[in-house]
Amino acid sequence: MIRKALRDPLAHFLIAGAVIWGLIALRGEPVDPADRTIVLSREEQAALALGFERTMGRPPTDAELAAQVDRWVREEILYREALRLGLDQGDPAVRRRLAAKMDELAGAEVETSSPSEEVLRQWHSANADRFGGGGEVTFEQLYFDNQTAALGASGDQEPSGMAISLPGGMDGVTIDEVSRVFGTQFVGEISQLPVSDEWQGPLPSGFGWHLVRLTKRSGVATQPFESVRDKVEADWRNGTLANRRAEAFRLLREAYSVEIE
Amino acid sequence: MMKRFGLLAAPFLLASCGMPGTGGADEAKSGDGTDTIELAEFPDRPYWGDTHLHTDVSVDAFGFGVRLGAEDALKFARGEEVIATTGTAARLDRPLDFLVIADHSDAMGATRRLYDAPRMMVRDPTLRRWRDMMHESPDQSTRAVAELITAAANDEIPEALRDPERQAKATRDLWNRHLALLDRYNDPGTFTAFAGFEWTLMPGGNNLHRVVMFRDGSAKTGEVVPYPGLDGDVSGLWDYMEAYEEKTSGKVLAIPHNSNLSNGMMFELIGPDGGPMSAEYARRRAAREPVVEVTQIKGDSETHSFLSPNDEFAGFGDAGWDLGNLPLTAKTTPDMFAGSYVRSALLRGLTLEQRLGANPYAFGLIGSTDSHTALATADEDNFFGKHTGNEPKSDRAMLPQNLGTRQGRFGWHYLASGYAAAWARGNTRAEIFDAFMRREVYATTGSRMVVRLFAGFDFSESDWEGDWVRAGYTRGVPMGGDLVDAGKAPVFLVSALKDPDGANLDRVQIVKGWLDADGTQREKVYNIAWSGREGASADALPPVGDTVDRAQASYANSIGAAELRATWTDPDYRAGQRAFYYVRVLEIPTPNWVLFDAKRFGLKLPSEVVEASVTQERAYSSPVWLRPRKTPGDAPPIMK
Chain G
129 MIRKALRDPL AHFLIAGAVI WGLIALRGEP VDPADRTIVL SREEQAALAL GFERTMGRPP
189 TDAELAAQVD RWVREEILYR EALRLGLDQG DPAVRRRLAA KMDELAGAEV ETSSPSEEVL
249 RQWHSANADR FGGGGEVTFE QLYFDNQTAA LGASGDQEPS GMAISLPGGM DGVTIDEVSR
309 VFGTQFVGEI SQLPVSDEWQ GPLPSGFGWH LVRLTKRSGV ATQPFESVRD KVEADWRNGT
369 LANRRAEAFR LLREAYSVEI E
Chain B
4 MMKRFGLLAA PFLLASCGMP GTGGADEAKS GDGTDTIELA EFPDRPYWGD THLHTDVSVD
64 AFGFGVRLGA EDALKFARGE EVIATTGTAA RLDRPLDFLV IADHSDAMGA TRRLYDAPRM
124 MVRDPTLRRW RDMMHESPDQ STRAVAELIT AAANDEIPEA LRDPERQAKA TRDLWNRHLA
184 LLDRYNDPGT FTAFAGFEWT LMPGGNNLHR VVMFRDGSAK TGEVVPYPGL DGDVSGLWDY
244 MEAYEEKTSG KVLAIPHNSN LSNGMMFELI GPDGGPMSAE YARRRAAREP VVEVTQIKGD
304 SETHSFLSPN DEFAGFGDAG WDLGNLPLTA KTTPDMFAGS YVRSALLRGL TLEQRLGANP
364 YAFGLIGSTD SHTALATADE DNFFGKHTGN EPKSDRAMLP QNLGTRQGRF GWHYLASGYA
424 AAWARGNTRA EIFDAFMRRE VYATTGSRMV VRLFAGFDFS ESDWEGDWVR AGYTRGVPMG
484 GDLVDAGKAP VFLVSALKDP DGANLDRVQI VKGWLDADGT QREKVYNIAW SGREGASADA
544 LPPVGDTVDR AQASYANSIG AAELRATWTD PDYRAGQRAF YYVRVLEIPT PNWVLFDAKR
604 FGLKLPSEVV EASVTQERAY SSPVWLRPRK TPGDAPPIMK
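Here the protein sequences line up with chains G and B, keeping their order. Per this note's numbering: the first sequence = residues 129 to 389. Per this note's numbering: the second sequence = residues 4 to 643.
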């Protein structure tokens, strides 16, 4: 009897209605007319004016501020009505936006704090590789237009490559300079290579394949703190932000169990 | 009253600039770079740059919405990340080696000042309306600028915006700050920041624009201010350039561009007054304008299919642009094409030289962006558009883009093009400028191919085995050079190396133009090297193939070659012939920015747009000219 009643669509509707009602009541959404009152405080108006000034490089005129306020009010009304209709549910943009806000919350303190000189100096020395020319390399290379030929030659005592208008080597140049001539793929490969008097490889590049004799890789030439202070601060901010977000997420994540079916 | 109280007056100008100048501290940075770095024996690498970039002091760029200035532009060009006006982080995959910021000299900074001016101070009704539109919304702002450009084209700019005397005064302070900024960013050996401006002559909407580029630092360039163009004629510009050189012993050159939007006026056979061209005009033009910009965002000007019906690769980047002049206030008719495209101009140059003894159109070729976003982007997968209104967003490919009218130019007609490559011995103002003067430069549509061209009479296949670059420089001339007829066919050493991070090469071609014995202009395209296709003949070379996945905006380097080389002897040489030869290199087909947009934003594009968006990126070298023995050469001197 009860089972039969439960199959009735009307029962579904009633139950669903009760659940929704319950949920709304639980979340304490006010249903009194106060909900339809919008207050824009002095502080919030100042924030609007500041936003305008940041974009335009000057404060708004009274008329412009009034237009900003009108726009804000319109948005607020539509926003509240959208929430009332549950339009925030199942919307990937909203989901992403709220997730991003959580990330921002985690990093908010870092955004605004100004690190001390000491903190920055420590950061500079701990991440020295990011504040230099990237180090210098000296190498010779032989070119092959296919991997098989390159592999074949790699066993030779005195291998010889194929003709191409690339330098047979570079002497004491920065990684950037290597990248400009040989491309990013080659640079990715040669950066992994140990220094040796032997021919190594073949390494792939945008051109084909290369046997490489990497004879020197100089230590990273770090620019002195004073000359890159701004860069260090920006880098500290980015780096610290990323760490904080990762840490905050780790804490939240531990409270969840996730099953991927 | 309005005249007295110009909105261009200095107080607003001061308010509109945030950056105090601090130049002149470092001699190496503020000069032309001579003796600051060690130079190679011969030009040993191409230096990559953009000579045509607009920032927020360009009257149109600001109105289109850009809020990035010269400093952002410099940072971006040298490889740093900046936030584009529309809020996206922007960074070049690979930095550029040099940059010419070329803001419009007419009313430089004026839209910004107009925008910033209190409304009650703007008395001119048209200007007041434009000011209101700029404040209203980005769309209205764009519309205001479209009106402004149309007004400029129709010679109806309000008095307050065009008075050169007042404008010069207002510009002075802005220019000085700008020069100091350039000096700070100029770093011999690493990055070169050139002073320049765009001179915007546009009679009846026909584009006769030039970019003006200085060799010198602020000590000399501070002696002048940018020269306005709306009211002038080109001899006025050359007078200005000559006066600058006399006054400062510095150097300056001008680069015509968008000849494709000139309705035949950029490369005329007659003089600017409608009478026959004078030898004096031809000589001055050759001396002042050693290079032209052949490819950029608003289309490619190499040649039109109407002019080169036998060239299967003609017409690249012409669609939409060949409908009319810049604001589309006048349609283009086929009789105008010959004066609008570069290959026909090179041919006309031969004819004029035969007649006058001087060749006004013996120019080298470069590409540049003409971006109005302060971002010099020419990569297909990283294209920030023509102006701020079409920075990356989902609908930009299909929006009408014809300055307020609707006559058939759309977002997808824009090219993510191009860059200038300069063969120089080092990265300084002097070295790169001098490469432009001797035309040892080439154009690409954005890809960084390495293209060498040497011409002489005794080159042979065996030169490739030795130091062929040295052979090229010592026994011949590089691109941009002149050969004097030696009674035998010229021989060319040509090498094209692919962009290390780009697509493989399909083929290398020589484009030859010459005059027949009876003076008839002739042109022919020769395939001189190609990938694979064993046994194919140069005259019937099949297409290289197509690996482009349209939906994924990807391609595979499974076809094409990493490098193509050829030793080529002209089979159609006749003794005493006047001719030019330039190299065109084609990459294999690749997806252009429209397909990257389609993938990024999940767009459904019409099939003709998809097909038009698979293109073969290309390089155009500067020509080498072959001249009869007895004619004195009038072109700029070539490097010894």
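In short, the hints are calculated from the structure, not lab data. A hint or two may mislead.
What the hints assert, rightly or not - Over 10 Å on every C-beta distance to chain B, these chain G residues come out as not near it, computed from the model:
#  : residue
1  : Arg186
2  : Leu215
3  : Ala228
4  : Ser253
5  : Asp273
6  : Thr276
7  : Ile292
8  : Ser307
9  : Arg308
10 : Val309
11 : Thr312
12 : Glu326
13 : Arg357
14 : Leu380
Unchecked claim - Quick partial rundown of chain B residues pointing at chain G, CB under 8 Å, derived from the structure:
#  : residue
15 : Arg97
16 : Asp119
17 : Met123
18 : Val125
19 : Arg126
20 : Asp127
21 : Trp467
22 : Pro503
23 : Ala541
24 : Asp542
25 : Thr570
As the list claims (entries may be wrong) - DSS-like mimics (lysine-lysine), calculated; alpha carbons at most 27 Å apart, straight line:
#  : chain 1 : residue 1 : chain 2 : residue 2
26 : B       : Lys491    : B       : Lys633
27 : B       : Lys491    : B       : Lys602
28 : B       : Lys250    : B       : Lys78
29 : G       : Lys229    : B       : Lys396
30 : B       : Lys250    : B       : Lys172
31 : G       : Lys359    : B       : Lys78
All residues carry an ideal CB built from backbone N, CA and C; glycine is no exception.
* **Violated hints - listed by number, lowest first** => Failing hints, ascending: 1, 5, 7, 8, 9, 10, 11, 17, 18, 19, 20, 23, 24, 25, 27 and 28.
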